[in-house]
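Chain residues, written in single-letter form:
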Amino acid sequence: MNTLWRNPDPKPTYDVVIVGAGGHGLATAYYLAKNHGITNVAVLERGWLAGGNMARNTTVIRSNYLWDQSAAIYEHSLKLWETLEQELDYEILFSQRGVLNLAHNLPDVREGTRRVNANRLNGVDAEWLTPAEVKKLVPIINISEDLRYPVMGATFQPRAGIAKHDYVAWGFARAADRLGVDLIQNCEVTGFETNAVQTSRGRIGAGRIALCAAGHTSILAAQLGFRLPLQSHPLQALVSELLEPVLNTVVMSNAVHVYVSQAHKGELVMGAGIDAYNGYGQRGSFHVIENQLAAAVELFPIFARAHVLRTWAGVVDVSPDASPIIGRTPVDDVFINCGWGTGGFKATPGAGWVYADTIANGRPHPLAEPFALERFTSGALVDEHGAAAVAH
Amino acid sequence: MLSIPCPHCGDRDETEFHYGGQAGVAYPADPMTLTDEQWAEYVFMRDNPKGWFAERWFHTAGCRRWFDLERHTVTYEIRR
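Chain order of the listed sequences is P and Z. Using my numbering, read the first sequence as starting at 4 and increasing by one per residue. Using my numbering, read the second sequence as starting at 46 and increasing by one per residue.
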C-alpha cells in the first residue's frame, strides 16, 4: 500500500527520541534531519499521529505579538509558513487572509494601537483599522454603537491566516519519514532512565530526549523528577455546517472571547477562552460554548441561522506569562518545548526549527534563549497575555 | 457545566464560582530568607496531575467564601 509514511517497529536506540507526534514533534524531527543531518530519530506517539491538539486547534497563524522576543520567534515561524508548501512539497492550504483583533473598549484600543506600533518596529506587518474600515473588510460584522461590546477598531495583520492542520501534520510526517525518521504510533512513554525511555513497546535508548507533549508535559516532567510552571486546561472549539463563503478573514476578539474563521470547505470554525479549571478530559463546560456563541451572534447577526455541528476540546499547557518554555531541563540530555498554551499551531514550523537546533547543539537557539525555564527564577518573564488573544 | 458542592450553600452551577487552582500552597513562613529558586517554586510552580487534584474554589455569586475540594482532572468527578 502506498502510504505517506512507514510504520516501523522501534529500533533499540536512537540519537534523538522525541516524545509526542503532534505538529511540533513532527516539525522538530523534520528540521533535525533536514537542517542538522540527524536522521537516527524516533518520534513516539501514545495515540495516533497528530491526534491531540494538532487535530483540535482552530488553525490561526499570525505573528502580531507585543514583545521583541515573541515577535522574533513567531515572525520566524510565519516566514517559514510562507514557503512551507514548497519546502515540504505538499499542499497545506496556507491562506494569508489576514487576522483582525477587535477592540471593544478604550483599554483595548490603547493596547491595540500600542501593539501595532510595536509590531511595526519589529518588522511585523500591522495596521490599525477604524470601525468603518473593519466593516469594509468584513461586511457581515455589526459595528453598531448599540452593542454590549461595540467594535471600536481593530488591529489587522494582512500576512496572517490559516492552514489545513491535518495536511500540515501529514506534510511534516511524510517529509521526516523520507529523511529516515521513524514515526512510531501507539507507543506510550511510561518512564525514563538515563539516556533511555521505557515505553509500552519496550525500552528505547536515546542519546537525547526531547519532550513535545503539550498538555501532558507536566506528567512526563513528574516522571523525570522536576516541576514545570504549567497548568493543563481544556480549550474548546466548534464548527458549523458547511456554508457559502461569508467571511474571508480571521476575526478574533479578546474581550468577548470568540474567534472565528471560515475554513476552505465552508464551515465556520470558532474558538473560545479556556475553561478555568485544570482538565485533561478533552472536554469543557457547555456555558463556555454558550458565551462564545452569544458573542459571535452579536458580532455577526447572520450566524444566528447557522448550526453547531460539532464541539470538542484540546488540553493546552498554559504558562504563567502566556509564553512558551523551550530549552534545557534540570536533567542532562532532556529538552522541553511546551507552554505554547492556546497558540501552538501557528508556531509549528518555527518551534520545530528552533527546538531542533537547540537539541542538536545542546544549547538554546538564539530565538529560544528568552524562553528558557530559568526565566521563572530570574523574573525575566515575557508577558503576552494581551497578544495571546485567548482569555486565560 | 460542573455542579459544585459549596460547603455553605449546597450544590450550585459552576458559573457561580471562581477557580483558585491548587489547594494547600502556604505562604512562605519566613519570606525574607527565601532564595530566588524558592520564590519561583512558591509563585509559579503548581502540581498539574492527571487524576485527583485538591483545588480551591471561590463562591463569587453566593456566600463569597473560599473552600477546598478534590476533583478528578479527567472525569471531572468531585469528592470532598
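Since the hints were made in silico from the structure, they are not lab data. Ideal placement from N, C-alpha and C gives every residue a C-beta, glycine not left out. Any given hint might turn out to be false.
[Stated by the list, open to error] Chain P residues, not near chain Z, derived (Cβ > 10 Å throughout):
| # | residue |
| --- | --- |
| 1 | D92 |
| 2 | E114 |
| 3 | D335 |
[Unchecked claim] Where chain Z lies over chain P, by a calculated footprint (3+ residues, C-beta under 8 Å):
| # | stretch |
| --- | --- |
| 4 | 227-237 |
| 5 | 269-281 |
With a C-beta cutoff of 8 Å, work out whether three or more residues of the stretch 227-237 of chain P approach chain Z closely enough for the coverage to hold.
It holds: at least three residues are needed, and the stretch 227-237 of chain P offers 6 whose Cβ sits within less than 8 Å of chain Z.
10 Å cut-off, C-beta based - D335 (chain P) kept clear of every residue in chain Z:
D335 (chain P) clear of chain Z: closest Cβ-Cβ about 19 Å, beyond 10 Å.
Minimum Cβ distance from E114 (chain P) to chain Z greater than 10 Å, as the annotation requires
holds, 24 Å
Three or more residues of the stretch 269-281 of chain P near chain Z by CB distance under 8 Å?
Coverage by chain Z holds here, the residue count being 3 at a Cβ distance below 8 Å.
Confirm or reject the statement that D92 (chain P) sits farther than 10 Å, beta carbon to beta carbon, from all of chain Z.
holds, 38 Å
The structure shown violates none of the earlier numbered hints.
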